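Read top to bottom, the protein sequences are chains A and B. If you want this note's numbering, it's the position in the first sequence, counting the first as 1, plus 1. If you want this note's numbering, it's the position in the second sequence, counting the first as 1, plus 11.
In short, the hints are calculated from the structure, not lab data. As the structure is a computational prediction, the values presented were derived from the model and not from experiment. Warning: the hint list may mix true and false statements.
Pulled from the structure, derived: some chain B residues nowhere near chain A, Cβ distances all over 12 Å [to be verified]: (1) A70; (2) K139; (3) K183; (4) A190; (5) G210; (6) A214; (7) G219; (8) I223; (9) E255; (10) G267; (11) Y363.
Examples of chain A residues lying across from chain B (beta carbon under 8 Å, computed) [said to hold, decoys possible]: (12) R6; (13) Y10; (14) L248; (15) E354; (16) T356; (17) W372; (18) V373; (19) S422.
Distance windows between CB atoms, simulated [to be verified]: (20) P191(B) - T371(A): 31 to 37 Å; (21) G377(A) - A144(B): 45 to 51 Å; (22) I355(B) - D418(A): 21 to 27 Å; (23) L434(A) - A144(B): 47 to 53 Å; (24) P356(B) - F62(A): 42 to 48 Å; (25) W156(B) - K440(A): 54 to 60 Å; (26) G377(A) - W156(B): 34 to 40 Å; (27) S344(B) - G377(A): 43 to 49 Å; (28) N143(B) - W71(A): 45 to 51 Å; (29) N224(B) - G44(A): 46 to 52 Å.
Don't be surprised by glycine CBs; every beta carbon is placed ideally from N, CA and C.
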Amino acid sequence: MLTLRKSIYTELIRETPAHSLAFFRILFGLMIFGGTLRFMLKGWVDSLYVKPTFYFNYWGFEFVKPLPEWATYGLFILLALSALMVALGCYYRLSSIVLFLSFGYTELIDKTNYLNHYYFVSLMAFVIIFLPMHSSWSIDAMRKPGLRRLTVPNWMLLAIKMQLGIVYFFGGIAKIKYDWLIMAQPLKIWLSASTDFPVIGFLLDEPWAAYSIAWIAMLFDLTVPFFLFSNKYRPYAYTVVVLFHLLTAKLFYIGMFPYIMMTCTLVFFSPAFHGRILNGILRLGNIFGIRSRSGYYVEQKRFSKAALRIPVMMLGASLLFQLIMPFRYAFYPNSLCWSEEGFRYSWNIMLVEKTGFVEFNIKDKKTGKTWVEVPGDYLTPYQVKMLSTQPDMILQFAHFLHDNYAKKGQDVAVMADCYVSLNGRPSQLLINLGADLAKETEGLHAKTWILPLKEDRTLAGK
Amino acid sequence: MKRLLPILLLSAVAFSCDPEKPEDPKDPFDTFDRRAMLQNMGENVIMPALDFTASSGIALDVAAQNFALSPSQITLDKLQTAWVTAAKAWAQVEMYRFGPMDEAGLNTVAAIHYGTAYPMNYGSAADKAGINAAVSGSNALDSAWISIQAGNKRGLPAIEYLIFSKEERDEKILSDFSAPRRFSYLQAATADLRRNLSGIANAWKPSGGNFINSFVNADGRDLGSSIGMVMNELAFMVEMHKNEKVGRPLGKRTAGNPQPNLVEARESMQSLALIKENIRGLKNLFEGRSGTVDGSGFDDLLNHLGAEFAGQPLAAMIEQQCDVVIEKTDAISSFPLDEAVTKIPPSVEILYNEAKKLLVLMKVDAANNIGVQITYFDNDGD
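Turn these sequences into a full structure, and let the hints guide you.
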């Protein structure tokens, strides 16, 4: 036991070439830069952050407010620039913090737009703030010789690999669900309409295709981080990573996510591999007349204990947080994919095909008159779609409606009339029709106004 | 070989874990032919229905000409009958808001019907003051002039206003038509409607815009696919029926205070007849039915997917619920809808609630089982 502990410790503090961090920094920065440009060019800043008149904020982050149009675009430009600066390693400390904060702010404005891969990017952006990613192959290192490092402790690289591994491993755990494994849902629904897929399309309508993909995906997610760590199996594991993500990219509307993962997992390769690619870029640079910088003198140095205290604490806290978050659903009696209590930040990727309908019954407490509020009168169609299946958004919108009437001096009860179909199940009421949501509050407590899923067949009571 | 082991192992484990094979392994020849379904829906349901609106538009225009030649109670009756036929025909195709009736075609739709925006405001039907002002004005009331007027000054609602009056008797209509310019307006409007209805029907034809070709070819499930578009519009039709055509007059959208003047086709007292046609048209498209021939449609697709609701095939539930909505519409018919919302609101409430059930089956259950994105935005998922 002692030797194991010792060998783990040795592995953590072993020195490894610093350029692997630079390699990741450049790829990550460029991807965020490209992703942000894509987001703006597709007109999504307008449709997601300018057009809506109501925004669904996150519990605990109510202080994050939507910005006026010019400031919203400014924020996205700031985000793109900071990502580019991170890639270049230019004023890295500042630009990495700006990247994290600006990305985080855009995400926190409206939870309509929550995506697992945005959460992943936020976490990774947080991790790299605390690592000396600019200690080589950066403008900062060119400017300030004192920053230059030949090597860094291996745990710094491990922190990045762990962050990637968590996405796969917890994504794999999240797939151990009755619907996914035993019903092959929602894959069956999705695949049946993808029979025009190249080469293997004709197979996708077969019942066993959905089952095979469901089980392979679960096993892939659970094991691939470990195979990626192994020198022997890495090339094969990475080939599977590429094939797997290309398949998902073709089958589903998941935008950048497959490409982000394919690119990020290159960090698992050896420092020599990273070096070859960086030197390749350098040679390319020489062609364009950029002077080689590889020859400068670097002193072999170690980080002092004091300098590492904050990074180790912050990364440890982040890791602990991430180990707990995916399991918080266990504290709620409702089925996770149905009530979505504990659904976000838990790597529940592609697990639900949910369709819903919601409108709000309003009752004037004084006159007893009843009528209906249709969310489409206030929200964008995309917001309505998200609202119609997510209880916490429904609660928030009910309060918005209630407060609107209160401003006009009317005291009303607000009930949600909400039907949802989950993974091909018949539609059923999601919210207790009799519950006055204006009286309910957001928080970590179990929500009694969410009705349990009938026909719940999730594994282990979940 | 040894180095490939993990991958092989992984796949082997995956395949061996393959749980309970479904009871009946699917016959590979039996896989659902989505192109054939779309072809049937396009060629045997949508195009004939549009052809019928085009021919009813011609009949209405001819009836208007006959009425102008010899205005009498007899020719007025015929004209009114022709309008009702055209309006009912339109009610059946109102939901085909894709292809020729989408985006660029929306102006044409607005010229035929009225509202095109969401939420549709059926109450703003005809611009009566505007029409009367034009009639008493002096500019030429010809096709060039009418074709640039707003939707509430032409199309079905404007013609309805000219030839029907709920409050007054037909004698009043006939005496109003003593002004020759009123005939000119009427004839310009019916000719314009006729042109627009033919335009949409032709846009589908191989000899015209050939939209049928694009419709059949977009056989995926993605945004912009025909299945996605039809699914969206079926749900949208029921939503409009419930929220705007029934709910709004009933006061559902106005703090519980009924709004009788917001019914559709109030002057001709055809409100209930038209919303019945909406549901009939919807059911025909869903079933892929033309007349008595039940071809391949969404019902077959859902059955192929094994979609169920409460132990019954979902498709059968939807068809049954369409019938219930029609039945509950008939149950109101002792009063026109604008009177029913104040005189017998519980009956209208029943219709509203049954329409809501149909909406949930269509928008939630059918959409979930088919897996189409009921959305209007191409954002990334997960």
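Hints violated by the structure (listed by number, smallest first): The structure conflicts with hints 9, 10, 11, 12, 13, 14, 20, 21, 27, 29, although it agrees with all the remaining ones.
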